[in-house]
Amino acid sequence: MNQIFKKPTLALAAASLLLTAAMLPLQAQAHRTWLLPSATQLEGKEPWVTVDAAVSENLFDYDTNTLKLDGLHISGPGGATLQPENPHSGRLRSSFDLKLAQPGTYRISLVTESVIASYKQNGEMKRWRGALDAFPREIPANAEALRSTRLHSRLETFVSAGKPGDATVKPSGVGLEMQPLTHPNDLAPGEAARFRLLLDGKPAAGLAVSVVPGGVRYRGVLNEILVKTDANGEFSVTWPRPGMYWVGASYPPRTVAGGNPQGTPPALPERRVSYAATLEVLPQ
Amino acid sequence: MKLRSTLALSLPLLGSSALAADLAVKLDIPQPNVAEYHRPYLAMWLERPDRSFVANLAVLYDVKKKNDGGAKWLKDVRQWWRKSGRELQTPVDGVTGATRAPGEQLFHFTGARAPLDSLPAGEYQLVVEAAREAGGRELVRIPFQWPTPSAQSPTARGKEELGAVTLQIKP
Numbered sequence: 422m423n424q425i426f427k428k429p430t431l432a433l434a435a436a437s438l439l440l441t442a443a444m445l446p447l448q449a450q451a452h453r454t455w456l457l458p459s460a461t462q463l464e465g466k467e468p469w470v471t472v473d474a475a476v477s478e479n480l481f482d483y484d485t486n487t488l489k490l491d492g493l494h495i496s497g498p499g500g501a502t503l504q505p506e507n508p509h510s511g512r513l514r515s516s517f518d519l520k521l522a523q524p525g526t527y528r529i530s531l532v533t534e535s536v537i538a539s540y541k542q543n544g545e546m547k548r549w550r551g552a553l554d555a556f557p558r559e560i561p562a563n564a565e566a567l568r569s570t571r572l573h574s575r576l577e578t579f580v581s582a583g584k585p586g587d588a589t590v591k592p593s594g595v596g597l598e599m600q601p602l603t604h605p606n607d608l609a610p611g612e613a614a615r616f617r618l619l620l621d622g623k624p625a626a627g628l629a630v631s632v633v634p635g636g637v638r639y640r641g642v643l644n645e646i647l648v649k650t651d652a653n654g655e656f657s658v659t660w661p662r663p664g665m666y667w668v669g670a671s672y673p674p675r676t677v678a679g680g681n682p683q684g685t686p687p688a689l690p691e692r693r694v695s696y697a698a699t700l701e702v703l704p705q
Numbered sequence: 013m014k015l016r017s018t019l020a021l022s023l024p025l026l027g028s029s030a031l032a033a034d035l036a037v038k039l040d041i042p043q044p045n046v047a048e049y050h051r052p053y054l055a056m057w058l059e060r061p062d063r064s065f066v067a068n069l070a071v072l073y074d075v076k077k078k079n080d081g082g083a084k085w086l087k088d089v090r091q092w093w094r095k096s097g098r099e100l101q102t103p104v105d106g107v108t109g110a111t112r113a114p115g116e117q118l119f120h121f122t123g124a125r126a127p128l129d130s131l132p133a134g135e136y137q138l139v140v141e142a143a144r145e146a147g148g149r150e151l152v153r154i155p156f157q158w159p160t161p162s163a164q165s166p167t168a169r170g171k172e173e174l175g176a177v178t179l180q181i182k183p
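From first to last, the protein sequence lines are chains A and B.
Residues 422 to 705 (our numbering) are what the first sequence spells out, left to right.
Residues 13 to 183 (our numbering) are what the second sequence spells out, left to right.
Errors might be hidden in some of the hints.
[Claimed, not checked] Straight-line alpha carbon distances no greater than 25 angstroms define the calculated BS3-like cross-link-like pairs of lysine-lysine that follow:
hint, chain 1, residue 1, chain 2, residue 2
1, A, K547, B, K76
2, A, K541, B, K76
3, A, K547, B, K77
4, A, K520, A, K489
5, A, K541, B, K87
6, A, K547, B, K78
7, A, K649, A, K623
[Unchecked claim] So these bits of chain B aren't anywhere near chain A, every CB distance computed over 10 angstroms:
hint, residue
8, N79
9, V104
10, F121
11, R125
12, G175
[To be verified] One side only, chain B facing chain A, incomplete, derived with CB under 7 angstroms:
hint, residue
13, A146
14, G147
15, G148
16, E150
17, K171
18, E172
Hints in this document: simulated from the structure, not taken from any laboratory.
Just so it is clear, CB atoms sit at the ideal spot from N, CA and C, and this is done for glycine as well.
Produce the complete structure using the sequences and hints provided.
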């Protein structure tokens with residue numbers, strides 16, 4: 422039923438974009454999805470933080486669309502599950518506030534599962550994108566040559582109130598997850614930080630990880646740092662300068678299409694998992 | 013009166029530009045080691061030293077999309093877009109063309125055609141800007157004198173989205 426399908430545009434969409442069908446016109450396939458907290462290290466009594474979630478062409482720019490907050494999960498010190506306040510969905514971003522009532526470290530995750538598919542109906546090529554449960558319902562019965570990819574995306578960020586606490590991540594065993602081996606709110610420019618990536622609960626070895634500093638609009642060039650996880654799924658990053666960083670990976674790895682958009686496109690996988698963390702490096 | 017002005021317009025401008033030389037640009041397009049690579053959109057144009065726009069030499073984008081759909085992303089060649097692209101109706105004969113693959117690419121602009129055939133003598137800058145989908149953007153400038161007193165090959169170098177850019181100009 423799910424055959425390998427060669428269509429470059431869908432392969433690109435599979436790599437990055439997870440939205441429900443109702444939200445997004447089909448041609449707006451943007452490259453970055455991310456969370457962006459207003460700060461990651463807060464001080465004072467019961468500080469507040471506000472977090473944006475968006476999909477965009479350019480990292481940390483509000484230029485494309487909002488992200489649904491349905492799969493939002495926030496865990497606080499002691500493993501408590503917390504609710505966001507004032508959630509809002511606008512044209513270019515969603516946002517919510519979070520009160521950090523206890524000192525320690527909070528983990529904010531947004532998990533989205535969706536399907537992108539293509540099929541032929543009455544000789545016409547059609548594309549569909551939407552939630553997992555909507556997929557079997559909304560694909561017409563007379564659809565031919567149906568190809569689809571299940572997308573699982575996890576976006577994450579960490580914030581601490583006062584002295585950073587336990588940042589241990591108990592893996593859910595589904596999709597790509599990151600275990601910080603260096604505390605994610607203790608990152609400094611010039612210092613190496615270590616993380617472990619898990620794929621469905623097991624170390625993700627040999628996976629390409631992309632690290633991009635914010636501020637691309639003013640800098641022009643990406644200054645992307647590419648690293649590969651070792652046999653234990655671990656990788657290390659030495660931050661070149663202070664700033665917000667996007668740290669992302671996806672599986673399966675995409676082959677380089679040789680720079681020719683009309684060349685042999687990579688095959689569309691049955692399932693694509695992706696992970697992106699927003700980490701802040703403060704000046705020392 | 014009318015006839016005279018019409019004649020004036022149809023004559024090539026007098027002076028050194030009447031014997032306009034050719035211009036060649038050798039450009040190194042880097043191939044970054046990324047999983048999702050797209051050939052960059054490129055604009056090459058001329059400016060005066062005060063950064064005012066003179067003329068387009070080349071604008072490369074995905075010309076194969078139907079209804080000129082690739083032109084939608086020309087706005088990502090940001091500095092060029094604000095100087096010229098905003099007002100330009102693509103495609104433009106002799107200026108717009110397809111994107112080029114990574115590696116060394118050569119561009120030749122003949123002095124017998126626009127814009128070089130009517131370029132007044134003076135100081136100029138060759139400006140090259142590249143923007144890559146899911147990548148960054150970079151701009152490089154090479155000042156030159158037109159016409160040049162001697163054969164020159166000034167070079168500038170980008171860091172990520174452009175490699176070495178060499179302007180080859182002869183008197």
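- Item | Unmet hints by their number, sorted upward, for this structure | Hint 5 alone not satisfied by this model.
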